Amino acid sequence: MIEIEVFGLAVIYASTNYISTRSLWNNLAFILNNQKVHWCLIGDYNVVLEAHEHKVGASFTWFNGRLGEAHTLKMLDKFIFNMYWLDLCFKTSCKSLPKVRSDHHPLLLNFSLSSNKLAISYIKILHMWTTNPSCLEVIKTSWQRILYGCAMFVLIEKLKVLKKNLNIWNHNTFGNVHTMVKQDEVALNQVQLDLQNDIHFVDLRNRERD
Numbered sequence: 001m002i003e004i005e006v007f008g009l010a011v012i013y014a015s016t017n018y019i020s021t022r023s024l025w026n027n028l029a030f031i032l033n034n035q036k037v038h039w040c041l042i043g044d045y046n047v048v049l050e051a052h053e054h055k056v057g058a059s060f061t062w063f064n065g066r067l068g069e070a071h072t073l074k075m076l077d078k079f080i081f082n083m084y085w086l087d088l089c090f091k092t093s094c095k096s097l098p099k100v101r102s103d104h105h106p107l108l109l110n111f112s113l114s115s116n117k118l119a120i121s122y123i124k125i126l127h128m129w130t131t132n133p134s135c136l137e138v139i140k141t142s143w144q145r146i147l148y149g150c151a152m153f154v155l156i157e158k159l160k161v162l163k164k165n166l167n168i169w170n171h172n173t174f175g176n177v178h179t180m181v182k183q184d185e186v187a188l189n190q191v192q193l194d195l196q197n198d199i200h201f202v203d204l205r206n207r208e209r210d
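Under the UniProt record's numbering, think of the first position of the sequence shown as 1, with each following residue one higher.
Quick caveat, the hints were computed from the structure, so don't treat them as lab data.
These numbers were taken from a predicted model, which means no experiment stands behind them.
Backbone N, C-alpha and C fix where the C-beta goes; we use that ideal spot for every residue, glycine too.
Treat each hint with caution, since some may be false.
What the hints assert, rightly or not - Listed next, with one range per pair, are the computed distances between beta-carbon atoms:
{"id": "1", "residue 1": "Arg145", "residue 2": "Phe174", "range": "22 to 30 Å"}
{"id": "2", "residue 1": "Cys150", "residue 2": "Asn26", "range": "19 to 27 Å"}
{"id": "3", "residue 1": "Ile139", "residue 2": "Ser93", "range": "25 to 33 Å"}
{"id": "4", "residue 1": "Ala29", "residue 2": "Phe7", "range": "17 to 25 Å"}
{"id": "5", "residue 1": "Leu126", "residue 2": "Val186", "range": "28 to 36 Å"}
{"id": "6", "residue 1": "His127", "residue 2": "Met83", "range": "28 to 36 Å"}
Said to hold, decoys possible - With a Cα cut of at most 25 Å, we get these calculated SDA-like pairs of lysine to any residue:
{"id": "7", "residue 1": "Lys164", "residue 2": "His178"}
{"id": "8", "residue 1": "Lys95", "residue 2": "Pro106"}
{"id": "9", "residue 1": "Lys160", "residue 2": "Gln183"}
{"id": "10", "residue 1": "Lys124", "residue 2": "Val177"}
{"id": "11", "residue 1": "Lys124", "residue 2": "Asn82"}
{"id": "12", "residue 1": "Lys164", "residue 2": "Met152"}
{"id": "13", "residue 1": "Lys95", "residue 2": "Asn82"}
{"id": "14", "residue 1": "Lys164", "residue 2": "Lys182"}
{"id": "15", "residue 1": "Lys160", "residue 2": "Phe174"}
{"id": "16", "residue 1": "Lys124", "residue 2": "Leu107"}
{"id": "17", "residue 1": "Lys164", "residue 2": "Ala187"}
{"id": "18", "residue 1": "Lys36", "residue 2": "His104"}
{"id": "19", "residue 1": "Lys91", "residue 2": "Ile80"}
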């Protein structure tokens with residue numbers, strides 16, 4: 001039996017009047033939160049989420065065509081999707097292309113379907129890290145890094161930075177722990193094999209305990 005997936009695509013061109021766009025945002029919120037469909041919404045929302053999407057700190061998609069003090073850049077064009085979209089299209093990217101005649105950069109949406117779920121990435125904390133005072137400094141330094149974007153984007157990026165820095169610090173401080181554990185397991189296995197031949201060998205018993 002063939003399973004048919006339903007996808008929804010909405011192309012947005014919002015009004016510059018925030019009062020006129022209230023109904024649009026209400027409808028979009030309903031679509032994303034209440035319909036179990038793979039939805040993506042792409043287009044010109046004519047709004048910025050935060051200050052970083054205006055003038056500096058982002059890849060802008062709109063230019064007012066003026067120079068000097070009147071020069072303005074904004075990120076007005078966006079791609080938004082719901083969790084159902086992410087279930088099957090987790091390999092999704094959206095980038096801006098060079099503009100030709102419009103004052104907006106066109107957006108190019110790329111995605112691939114997959115039956116595999118998105119792999120969850122964890123930050124593993126080893127108990128031995130807590131015994132080293134420099135561990136806390138690595139965490140503080142990573143978390144204090146200045147990033148621009150919405151709260152969720154900043155959180156995700158800081159976690160990525162933290163994970164990378166902890167891995168580097170762990171390797172430089174403790175060495176390759178996984179390799180050392182495997183080496184110890186091999187040594188322990190050999191000791192236990194030797195004990196089967198001579199269970200009264202005190203030195204082997206001590207090595208096994210160690």
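Taking the numbered hints from earlier one at a time, note which ones the structure violates and give those numbers from smallest to largest. Going through the list in order, the structure violates hints 5, 9, 11, 16, 17 and 18 and respects the others.
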